[in-house]
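Residue numbers (this note's numbering), protein chains in the order written: chain A, 105 to 617; chain B, 105 to 617.
One or more hints might be untrue.
It does not matter which identical chain is meant; a pair holds if it fits inside one copy or across any two.
Below, computed lysine-lysine pairings styled on BS3-like, alpha-carbon distance capped at 30 Å [unchecked claim]: (1) Lys168 / Lys566; (2) Lys423 / Lys287; (3) Lys566 / Lys550; (4) Lys582 / Lys331; (5) Lys566 / Lys423; (6) Lys331 / Lys287; (7) Lys423 / Lys331; (8) Lys168 / Lys287; (9) Lys287 / Lys582; (10) Lys582 / Lys566; (11) Lys566 / Lys331; (12) Lys582 / Lys168; (13) Lys550 / Lys287.
FYI, nobody ran anything at the bench for these hints, they're computed from the structure.
What you are looking at is a predicted structure, and each value in this text was computed from that prediction instead of being measured.
There are 2 protein chains.
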Amino acid sequence: MNGAESLLATLVNAGVDVCFANPGTSEIHLVDALDRCPRMRAVPVLFEGVATGAADGYARMTGKPACTLFHLGPGLSNALANLHNACRAQVPMVNLVGDHATFHRPLDPPLASDIEAIALPFSRWQWSARRAETLGVDGARAVAAACTAPGRIATLIVPADAAWGEGGEIVAPESPPPPPAPKAHQIADVVRLLTNGARTAIVLGAHTTQGPSLVAAGRIAARTGAKLLAPFTFGRMERGAGRPVVERIAYVTEMAVAQLAEFRQMILVGAPAPVSFFGSPTRPSRVTPEDCNIVALASAQEDSAGALDALVAALDAQKVEPALQAYEPPRAPHGDMIMSAIPAAVSALLPENAIVVDESITSGRGLMAATQGAAAHDWLVNTGGSIGIGVPLAVGASLACPGRPVICFEGDGSFMYTLQGLWTAAHENLPITTVIFANRTYAILKLELAAAANNPGPRAMKALDLAPPAIDFVALSKSLGVAATRATTAEEFALALRRGIESNAPNVIEVPL
Amino acid sequence: MNGAESLLATLVNAGVDVCFANPGTSEIHLVDALDRCPRMRAVPVLFEGVATGAADGYARMTGKPACTLFHLGPGLSNALANLHNACRAQVPMVNLVGDHATFHRPLDPPLASDIEAIALPFSRWQWSARRAETLGVDGARAVAAACTAPGRIATLIVPADAAWGEGGEIVAPESPPPPPAPKAHQIADVVRLLTNGARTAIVLGAHTTQGPSLVAAGRIAARTGAKLLAPFTFGRMERGAGRPVVERIAYVTEMAVAQLAEFRQMILVGAPAPVSFFGSPTRPSRVTPEDCNIVALASAQEDSAGALDALVAALDAQKVEPALQAYEPPRAPHGDMIMSAIPAAVSALLPENAIVVDESITSGRGLMAATQGAAAHDWLVNTGGSIGIGVPLAVGASLACPGRPVICFEGDGSFMYTLQGLWTAAHENLPITTVIFANRTYAILKLELAAAANNPGPRAMKALDLAPPAIDFVALSKSLGVAATRATTAEEFALALRRGIESNAPNVIEVPL
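Let's have the full structure, built from the sequences with the hints guiding it.
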């Protein structure tokens, strides 16, 4: 058994059985090994940023890592931007990066680069394998590192001769270290705050906006009157009818400040203290009131889920019923403009158990409010602000959850970063409906420009345009094998969305604005 | 004057007046400053890898740096793969990367990352600006660093408050340090080798396959009988009728070994010793004969052009006429298969002074041989092996050389990495004809897989396919505003190429294989 075979077998034994891959010559023995490891599903991507975004989406929906396969330093480089987002989403992921054979590397061939240095900024664990005999051990350790709470990026660099060398051994899964439990005084401190009568917010991070943690948070809120919040950049939120309501902290600084003004106390559950996305000469960096007492129930590295359970127990709230969102029939669209009709249409047509991926930036701002009382669903957003994650996230989430419809909202600027993901959606025939809001501009930047400059000049404005030429997203999508249509009225949009979801296949709806 | 304004003015005073830009909120004051710096041409790109590839092409054709403008660490991350290629091309480039305001950065907002660490692997100079007052000095230093021989990647990180702060000062250009001249004994050593009667190759790197250096090399070859070679990964070669002939070292290891077998001596002019692209269990890593004496006339950091001139003088060859390639009418295509007809068609239709960008991997292997005696032209290739540079290189070369036709040969796999570059070509209406060889597979990897595995399995082969779905490159190009056609016969190809060049506008020819 060669090193490549031992590595793949070790990974699938540890539950890592999906590989988003864009390999090259130095990874060819790992590709060859796929035929001896049928349990590893290889999903091809045409650009590496699709792979890391997809692995992120997969991990958000399953809680477990997928792996990726990249060609040397440049392949890893192309994957980094969505690794930044994945770091911020605190998901587990195992990146396999091929390297030159150890004897060839010192010759500095054209594709040589310092892969360890490239991996460093966005990996929380990394290791350069040495030889075939220990590649299985390296793989088992990479998975354990990735699964260490709350979820980490692990990068394993695999020299070609370690992959092709004989003597590989399949290694049993390694258990990740359990996350440290928050200390008793942390729980006690938070109980005191929650019972002192002051207006309190609980900010849910580290995967606590889903599953039993969300229910526990709902009990705490019902018992104490605290309000549940999530960072603007949450990873995954279970929401809609039957779920406890968690309010997202606003992106716009002034809105976040207004939203948080009432709170004298804030409890952080594996979440960072809310700050403005960007610094500004005129707006505050911190969005919480100056006199707000901010206390951590658990850090991101601690056991947030366990901390919430302990808090429920300390509050004697095990039997308290959380306040659950009622199903709310969608409101009729107001006006005949398509943009005001879309949120209501989405809310009406959102199927039970759908997965929504939202990277629609300015155009989609009404979507979450409109779907608050829709059928139960999951909502995924961009966690790190690096645009170009929407389509890849949708691909990964769809592969993670066969049979569940996925609806992906994209701004046209964001979409263009990783449009190659549509091809993978077509290749795998994934039921993803992608809505592209085509305003032909980086609209959010024009807002920022207007805020920064008194009277922005024409050259500055032009630098933020996505036209001319105006991209034809329908033709673009079809060229990549994805069915597509254009919706210019509210009726056309509702029809296209219904048909798109019912098609159970990848499809795109362009909404020209 | 704010920092942003002083920086742009300092750059244009130093000759850096093209900016390939994909900015965000933290760079909005640099965007705003464009309207007070009309000499800076901003060229928008929809993905950062297009910017660095274009800046590379611009520098290869002009010898001077363009600048880029990126949004924080993720923006720079997307730019890295083509920075790898640019490092290997030894071109000058100035990257401007925005960062959070210095007072905001410690709050670790979602888009924060370690930009210095991200820049490190592919920058030869980097600096984090501190404040507006010194941003001009920083900019002048960045340009001087970029222009230090043979050409370097310089990355300047610009915090938002340094850009918006008042007190900026325009700074005069700084002279880069002159490259060290090779020592006299290096010249004397090489003269001895070139006159000892042994079969000798001269490998031309560091921009010596163009201009006066190429003529000097031609004189040396004519005087001594040495053969002129270029690395497989040369940056730019002037070739065709009227130019000294430089033979490219082959990619395939066995072919390179055969090509170099005759040489007992090899003189390196700012070039690395030839090695195989990848290590292999069965093929050699070094492609030169074991008894070949390899000597450097100049290192890449030394004055290669000056060294060639000194060598010409030492050989008393100032008046020797280099052997120049005669114009050769293109041979008639052999057979009726389109792939055998394309090289002859290209040779026949290549306009005088054209720029050819070649990233056609397996499909384009006959192109250089067929165009050896075509009208004089420049040839640019991928220098670092990171695919996805062809279209961006063409954009940069075209902007650098208004009026010159550009023909870009792409493999479909490579093209898909940075297809967003077509949009910029359309936006700027650049006369680039892009030929996409659509074999729907990473063909080179299937060859490597066949070499590595006895009998590759179906899952491995499938992981290297670009279908299904088969991408429609004609529709894809049109959707991005670029005229496109499909050529399935030799006649169709010749007609499309002629019309494409004559159109004086961006156009694509898909060649399905």
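Starting from the hint list further up, note which numbers the structure goes against and sort them upward. Checked against the structure, the hints that fail are numbers 4, 5, 9, 11, 12, 13, while the rest are satisfied.
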